[in-house]
Amino acid sequence: MSHAPLLEIKNATQRFGGVVAVNDVSLHVNEGEVFALVGPNGAGKSTVFNLLSRFHTPAEGSITFDGNDVLKLSSDDVPSIGIARTFQNIELFEQATVLQNLLVGRHRHRKSNIFSELFFTPKARNEERQHRHAVEQVIDFLDLQAYRDKMISGLPYGVRKVVELGRALATEPKLLLLDEPASGLSVEETQDMAFWIEDMQKQMGITILMVEHDMGLVSAVSNRVLALSDGKELATGTPAEVQSHPAVIEAYLGTSGIQKGGKK
Amino acid sequence: MRFVFKTSYDADIRWFKHGAQLFWYALLLAMMIALPLVFIISGNSYLLGEITSVLIFSVACLGLMLLTGQTGLASLGHAAFMAMGCYANILLLNAGVPWLIAFPLAGLLAGLFGTIIAMPVLRLHGVYLALATLAMSIITGDVIDLTEKWTGGVSGISVPDISIFGYTINKYANPYAFYYVALAVVVICTMFYRNLLRSPSGRSFAAIRDSEVSAQAMGINLTRTKATSFFLSCTMAGLAGAMFGHSATYVTHETFDIVMSITLFLAIVVGGLGFMHGAFLGAIISGLIPVLIANGRTLLSTTFGININIPGLESAMFACIVIAFILFEPMGLYGRWLKIRTYFELFPFYRKDMFRRQKSYLKTERVQ
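Chains as they are written, first to last, in the numbering used here: chain A, 1 to 264; chain B, 1 to 368.
Hints are computed from structural coordinates only; laboratory data are not their basis.
Hints are not guaranteed to be accurate.
Stated by the list, open to error - Between beta-carbon pairs, the in silico distance windows are:
#, chain 1, residue 1, chain 2, residue 2, range
1, A, I249, B, T7, 54 to 60 Å
2, A, N113, B, I116, 16 to 22 Å
3, A, P246, B, K352, 53 to 59 Å
4, A, S183, B, F328, 32 to 38 Å
5, A, I249, B, R336, 58 to 64 Å
6, B, R224, A, A146, 32 to 38 Å
7, A, S74, B, I323, 38 to 44 Å
8, A, F119, B, G19, 21 to 27 Å
9, A, N113, B, E50, 37 to 43 Å
10, A, S183, B, T7, 50 to 56 Å
11, A, F119, B, L292, 38 to 44 Å
12, A, Q203, B, I326, 46 to 52 Å
13, B, P98, A, N113, 26 to 32 Å
14, B, F3, A, G184, 54 to 60 Å
Cβ atoms here follow ideal geometry from the backbone N, Cα and C, with glycine treated the same way.
For reference, chain A alone in the conformation it holds in the complex (with noise of 0.2 Å):
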């Protein structure tokens, strides 16, 4: 491609204490691109989205969207820049409905002011119209109409992913960052998600960087593929590519010179 990618991560390493959750890892995700970072448990991926959202801050390296430098940032700028993302075990508000934390994901685009909002102004109830209106698409996308006023803590799991998906959208992201989309859920539902990640990345032009174990989903959606042990890269290229490398294969499933080992 000739132009910049639009996320570059280069060389960036997180310790925790003596433990080196991501070690020298660099990776560029293109504009319009799926791409899917998968490893066994503890392998570094979710730190990976950590140090995006900023909750992290990686001891050497430098992270760079679309041109703007990630680590000069706040974690609550980085909606801003247009980077949204889901959590794997679901972070949702409990005690508020489908609809509010849709709304919460227009937090970035809201306008108005305290003072404007006690008063609940002409321009601050505009305001929130389009919210709603702009809520009201992303509702449409992900079929939710059925929960728009349910309350989340009333909710099956499988529809709290969908919800969380839908606030991940609600910000208007470039890029997404879905940590195990269809983690838990029945096949049905992983199919919905594999429609919807295909749609998102097609119809909507959205960027995504998915954190995923199913590797039927990561072939059926993914261009890229990034597989990580240990903190460290193992493969990069297509779904393909990285399942047959050997050193993936060694980190899932260990090497025949251990078997052997053993058996001595």
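Dock chain B against the given chain A, drawing on the hints supplied.
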């Protein structure tokens, strides 16, 4: 069951969901406005004074509800902000500032003061924040003593009367006018609160309450939003404190003590944390309990000849009620009402576990 057929986004934005709701609240307001008539006819305004106190207390409860129920920040020091509002009001009035300016200004000063004090403790969570604010309410009395020059300290200070365009209002001289002032303050604070709930600020408060991590990931600045919540909450507490001063007519360093802070906190728990109605129900209950106990005591001594004079009985009974609520009705009185209403709306399909809070999905504590 009622089905609201929504035809525009405004149906989700406006104050009342449907005509019947508007009718009931309008009726409530009309009744509150007409209430003094009952006392004018009967000629006994004692009960009206009690109702006025409940109204004033409910403003303070609304303030604390915004902070604790809506934003999830516990405060056991709200009497300190009430004191701030009260003394600011007195000093401004004594300096010759007209009441219509002094009163809101006193609220804002309390809000500002609260925000400045809260800044260092905003990083704390849960029980630690509660402890820090508890300390605040412990030192209030001492601070009032130390600033005796302005506050009157131990010997106290008398509160000037309310004066609106030359019309003087005193709780004892004209209780009806005083009642209307209190009612106006309650209605205005309620309207502000309701407006907050339907706008981005109110939602960001709730977001912080439910998950700080994802609130941040949605672009909500934690410190700024918490400070805003503290400011609004302390402003309401300050207004309530100023009104409380007018109602007490004389305040000392013991008026806004730690018991008041705790009573406020308990009131919103009993009323129902997180519900605007809960603030009012809590205020009613905390106003009602002392009256009930006093009446019960009189009844016992007059009819059965039993004299109960145990010091601290009221606090003990209130504490028992609160413990019972936390154990058996964590959603408070308003939660109970919601359950009853849902039972009849869905009859016969109501299930016992419908309001059970789900604990089955783990929250991530990793990224913090």
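Tested hints:
| no. | hint | verdict |
| --- | --- | --- |
| 1 | A/I249 to B/T7: 54 to 60 Å | holds, 58 Å |
| 2 | A/N113 to B/I116: 16 to 22 Å | holds, 20 Å |
| 3 | A/P246 to B/K352: 53 to 59 Å | holds, 57 Å |
| 4 | A/S183 to B/F328: 32 to 38 Å | holds, 37 Å |
| 5 | A/I249 to B/R336: 58 to 64 Å | holds, 59 Å |
| 6 | B/R224 to A/A146: 32 to 38 Å | holds, 36 Å |
| 7 | A/S74 to B/I323: 38 to 44 Å | holds, 42 Å |
| 8 | A/F119 to B/G19: 21 to 27 Å | holds, 25 Å |
| 9 | A/N113 to B/E50: 37 to 43 Å | holds, 39 Å |
| 10 | A/S183 to B/T7: 50 to 56 Å | violated, 39 Å |
| 11 | A/F119 to B/L292: 38 to 44 Å | holds, 39 Å |
| 12 | A/Q203 to B/I326: 46 to 52 Å | holds, 50 Å |
| 13 | B/P98 to A/N113: 26 to 32 Å | holds, 28 Å |
| 14 | B/F3 to A/G184: 54 to 60 Å | violated, 33 Å |
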